[in-house]
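Q: Protein chains in written order, with the numbering used here: chain D, 1 to 209; chain U, 1 to 209; chain Z, 1 to 209; chain E, 1 to 209.
No wet-lab data here; the hints were simulated from the structure.
Check the hints yourself; a few may be wrong.
Repeated chains share a single entry, so a pair holds when one copy, or any two copies, can fit it.
[As the list claims (entries may be wrong)] Each computed DSSO-like pair below joins lysine-lysine, with the alpha-carbon atoms no more than 30 Å apart:
#1 Lys-43 - Lys-191
#2 Lys-143 - Lys-119
#3 Lys-174 - Lys-2
#4 Lys-36 - Lys-55
#5 Lys-43 - Lys-190
#6 Lys-190 - Lys-174
#7 Lys-114 - Lys-191
#8 Lys-30 - Lys-55
#9 Lys-190 - Lys-12
#10 Lys-55 - Lys-119
#11 Lys-2 - Lys-55
#12 Lys-191 - Lys-12
#13 Lys-191 - Lys-55
#14 Lys-55 - Lys-12
#15 Lys-119 - Lys-43
#16 Lys-55 - Lys-174
#17 Lys-55 - Lys-190
#18 Lys-28 - Lys-55
All figures in this text were calculated on a predicted structure; none of them were measured in a lab.
There are 4 protein chains.
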Amino acid sequence: MKVIGLVGSNRKDGNTNTLVEKILEGAKTKGQETEKVFFADLKISPIGDCSACRKAGHCSIEDDFDGLMDKVLESDCVIFGTPLYWYGPSSQMKAFMDRWVCRMAFDDEGFRAKMKGKKCVLAVPHQDTRLSGAEHLFAIMEKTFEFMEMAYLGRIQTVAWRRWESGQDEVMLKHAFELGVWLADMEDFKKASGSVTFNFARVEAEGQS
Amino acid sequence: MKVIGLVGSNRKDGNTNTLVEKILEGAKTKGQETEKVFFADLKISPIGDCSACRKAGHCSIEDDFDGLMDKVLESDCVIFGTPLYWYGPSSQMKAFMDRWVCRMAFDDEGFRAKMKGKKCVLAVPHQDTRLSGAEHLFAIMEKTFEFMEMAYLGRIQTVAWRRWESGQDEVMLKHAFELGVWLADMEDFKKASGSVTFNFARVEAEGQS
Amino acid sequence: MKVIGLVGSNRKDGNTNTLVEKILEGAKTKGQETEKVFFADLKISPIGDCSACRKAGHCSIEDDFDGLMDKVLESDCVIFGTPLYWYGPSSQMKAFMDRWVCRMAFDDEGFRAKMKGKKCVLAVPHQDTRLSGAEHLFAIMEKTFEFMEMAYLGRIQTVAWRRWESGQDEVMLKHAFELGVWLADMEDFKKASGSVTFNFARVEAEGQS
Amino acid sequence: MKVIGLVGSNRKDGNTNTLVEKILEGAKTKGQETEKVFFADLKISPIGDCSACRKAGHCSIEDDFDGLMDKVLESDCVIFGTPLYWYGPSSQMKAFMDRWVCRMAFDDEGFRAKMKGKKCVLAVPHQDTRLSGAEHLFAIMEKTFEFMEMAYLGRIQTVAWRRWESGQDEVMLKHAFELGVWLADMEDFKKASGSVTFNFARVEAEGQS
Chain D
1 MKVIGLVGSN RKDGNTNTLV EKILEGAKTK GQETEKVFFA DLKISPIGDC
51 SACRKAGHCS IEDDFDGLMD KVLESDCVIF GTPLYWYGPS SQMKAFMDRW
101 VCRMAFDDEG FRAKMKGKKC VLAVPHQDTR LSGAEHLFAI MEKTFEFMEM
151 AYLGRIQTVA WRRWESGQDE VMLKHAFELG VWLADMEDFK KASGSVTFNF
201 ARVEAEGQS
Chain U
1 MKVIGLVGSN RKDGNTNTLV EKILEGAKTK GQETEKVFFA DLKISPIGDC
51 SACRKAGHCS IEDDFDGLMD KVLESDCVIF GTPLYWYGPS SQMKAFMDRW
101 VCRMAFDDEG FRAKMKGKKC VLAVPHQDTR LSGAEHLFAI MEKTFEFMEM
151 AYLGRIQTVA WRRWESGQDE VMLKHAFELG VWLADMEDFK KASGSVTFNF
201 ARVEAEGQS
Chain Z
1 MKVIGLVGSN RKDGNTNTLV EKILEGAKTK GQETEKVFFA DLKISPIGDC
51 SACRKAGHCS IEDDFDGLMD KVLESDCVIF GTPLYWYGPS SQMKAFMDRW
101 VCRMAFDDEG FRAKMKGKKC VLAVPHQDTR LSGAEHLFAI MEKTFEFMEM
151 AYLGRIQTVA WRRWESGQDE VMLKHAFELG VWLADMEDFK KASGSVTFNF
201 ARVEAEGQS
Chain E
1 MKVIGLVGSN RKDGNTNTLV EKILEGAKTK GQETEKVFFA DLKISPIGDC
51 SACRKAGHCS IEDDFDGLMD KVLESDCVIF GTPLYWYGPS SQMKAFMDRW
101 VCRMAFDDEG FRAKMKGKKC VLAVPHQDTR LSGAEHLFAI MEKTFEFMEM
151 AYLGRIQTVA WRRWESGQDE VMLKHAFELG VWLADMEDFK KASGSVTFNF
201 ARVEAEGQS
């Protein structure tokens, strides 16, 4: 099985990367082949007018979308890593998803067939100290996964602001790792129906610097 | 530590009870004292006009609210169990929460001080096969916990329709049990900041009766 | 046409009543027959266990639900008035909706056929000064209307706390009245597809008492 | 007063443009100066790594953001027009909003002071025939306006798929026009507190081609 980790942030060494990296590490313990892609290295344009493409018979936007989309389609599992910006996913992650429509415009059935059942997890660091601050990001991503009939295996969110912060949160790193083991393993995924969530709420010690 | 499990359904032997019971079992392994309360046995009236109560200087509604509220205030941890009805919590669970306002009306500071930091988990069975079907129930309950500054430790949701269904879902039962161990233990709760969720999506076998 | 206004609050002279009353006044100008029902005068129990009812072949809860439900079914248009409590509708409004299931349990097709296309509007006063504070109440009610395929004509929300406050907000009263005219008239409702919302945000004058 | 209309779609002749154009027409009747900007003509890059910019002391991304942001800051009212893609705003509209952070990074107080109280409306065409399909787009945009303390005057959504469709929906065009009059006028905006929404639900005639 191949697992692809999408770092949908423009920081290559930030909290999104830390989470995605740790999930990949967990997946590797089960012998999975892994790959990490930095959106910071790619140019993913917004969806275009479509009419030019319809005439041409194929998407005519020239950028890194097709290469990335093909990598994702070849993978068995996708880690969608995105920071929370303005209550939603980063614009670069949104652009990637918007462009799925380019594939659907020319091969709706084929694209859906390839996405259906594809495993995925969501990894979201955010500055907002309220866990509920990410509710609409989760809704947007999860309803998209639902629409595409993907196998949505779970998610991790961490409160982190400075780019190194997640890297020092050993408990969340441990759980990101476990999420990676879970997606590689999927031991119980198809045997039950529901979800279980564990929350964490750091209480800063008095006088902590 | 004392853990109280609220079965906010009018079925005493349904899926809400199954989840709450299993969470309590998990908590017991850590030596917790537990109690289960069935809303089906209680009369919790809606919030009233307030003006009669203001004159009297105390809430004048005579029902089982005060007894239940006192039990909750004496507990260290509360399991809020409610089925999903019309995208929200059951009316009896909502009535219980609405009545908190009766306490806040006469002793806002004191009530908040007692609720602040109180541990809680949420258990929600639902018929809707989409996990996203419970998003607004979660939002309502979680924002209420957030407002009261409770220590919200996690949640479990299961897709179940017939009243015995959760009782046969061994994987979800195992995770409900683990959620109980987690709330009794809270080993990592205050050491980190975020959440981790594991999803399950049963695929019915072909030809299953 | 008959318009029924549901005051889903336990205050008979509060902001919910003010909004519902004004909407009914608007409807009357178009010659509609109107009726107002105070939930404060009624006992609407939560949904029960169902098994006793299934044996009996009919809902066995004895309270005011059947009378109210019949009134609603005989009306062409329903005004759902509810205050915002804990990010959702009042427990009494929720109890009314939860009990629809009692009708669906015994006559699913018949009940749905009667609700389908029934006109409705939503009226929500709230203390939260952020208009977004009611988002999950709106979602719960609107998705329920959508599920029942009702003709959802519009909504009004007002920021009001003290029970007389809406009654002094002449602009919002004017718009509640117009919403009543709109639902009685429905001039354009079936000719288009979408919604238009006008917001109001009072800025308190300096030194205002 | 100057009103700027943002067409956050890559189609210059689509439904987003139709709505924005009609709102501007309404504003013009009150003597407002208007301008329309097509995101299709601009390059708005995602937010970058920040560290290069922090060293430089200014945002170092070279694209059309600064020009557009300055236009918006010079305007008294902004029309945010965006299609609904995957339950959220278009990636180009999201990119524009994400980049606000670039201004906040270097002049947080100054940027907020300029945005505070700035009037805005939201215009959203979508293919989803359920009005609730746009709920998370609305939440994301409206919470952003709320965070920036903008004067959010209202919104219009229309169900439209083919690019000419809104242009033939005379009722919705009339209401978009009225929204433009409303934002230019704001007669009652600061006198009240709440919102009023009118819904439309086209029922296609039998046998309609």
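Q: Work down the list of hints and note, for each, if the structure agrees.
A: How the hints compare with the structure:
1. Within a single copy, Lys-43 and Lys-191 get their C-alpha atoms no closer than 40 Å, and across copies no closer than 38 Å, so neither meets the 30 Å cut-off.
2. In the homo-oligomer, the alpha carbons of Lys-143 and Lys-119 lie at most 30 Å apart both inside one protomer (15 Å) and across protomers (29 Å), since each shortest distance falls under that limit.
3. Taking the closest pair of Cα atoms, Lys-174 and Lys-2 come within 30 Å of each other both inside a single copy (22 Å) and across two copies (29 Å).
4. When the C-alpha separation of Lys-36 and Lys-55 is checked against a cutoff of 30 Å, the pair qualifies only between copies, where the shortest distance is 28 Å, while the shortest distance within a copy is 35 Å.
5. Proximity of Lys-43 to Lys-190 under the C-alpha cut-off of 30 Å is found in neither arrangement, the shortest distances being 36 Å within a copy and 40 Å between copies.
6. In this homomeric assembly, Lys-190 and Lys-174 come within 30 Å of each other (Cα to Cα) both inside a single copy, at 24 Å, and across copies, at 15 Å.
7. For a Cα distance limit of 30 Å, the shortest separation of Lys-114 from Lys-191 inside one copy, 23 Å, qualifies, whereas the shortest one across copies, 39 Å, does not.
8. Taking the closest pair of Cα atoms, Lys-30 and Lys-55 never come within 30 Å of each other, the shortest separation being 46 Å inside a single copy and 42 Å across copies.
9. Taking the shortest alpha-carbon separations for Lys-190 and Lys-12, only the inter-copy value of 29 Å comes in at or below 30 Å, while the best intra-copy value is 34 Å.
10. Taking the closest pair of Cα atoms, Lys-55 and Lys-119 never come within 30 Å of each other, the shortest separation being 34 Å inside a single copy and 40 Å across copies.
11. When the C-alpha separation of Lys-2 and Lys-55 is checked against a cutoff of 30 Å, the pair qualifies neither within a copy, at 36 Å, nor between copies, at 39 Å.
12. In this assembly of identical chains, the alpha carbons of Lys-191 and Lys-12 lie at most 30 Å apart only when taken from different copies (26 Å versus 37 Å within one copy).
13. For a Cα distance limit of 30 Å, the shortest separation of Lys-191 from Lys-55 qualifies neither inside one copy, at 47 Å, nor across copies, at 34 Å.
14. Taking the shortest alpha-carbon separations for Lys-55 and Lys-12, only the inter-copy value of 17 Å comes in at or below 30 Å, while the best intra-copy value is 38 Å.
15. Taking the closest pair of Cα atoms, Lys-119 and Lys-43 come within 30 Å of each other only inside a single copy of the chain (25 Å); across copies the shortest separation is 33 Å, beyond that limit.
16. Proximity of Lys-55 and Lys-174 under a CA criterion of 30 Å is satisfied in neither setting, with 51 Å inside one chain copy and 34 Å between copies.
17. Taking the closest pair of Cα atoms, Lys-55 and Lys-190 never come within 30 Å of each other, the shortest separation being 43 Å inside a single copy and 36 Å across copies.
18. With identical chains, the CA atoms of Lys-28 and Lys-55 are never at most 30 Å apart, being 44 Å at best within one copy and 37 Å at best between copies.
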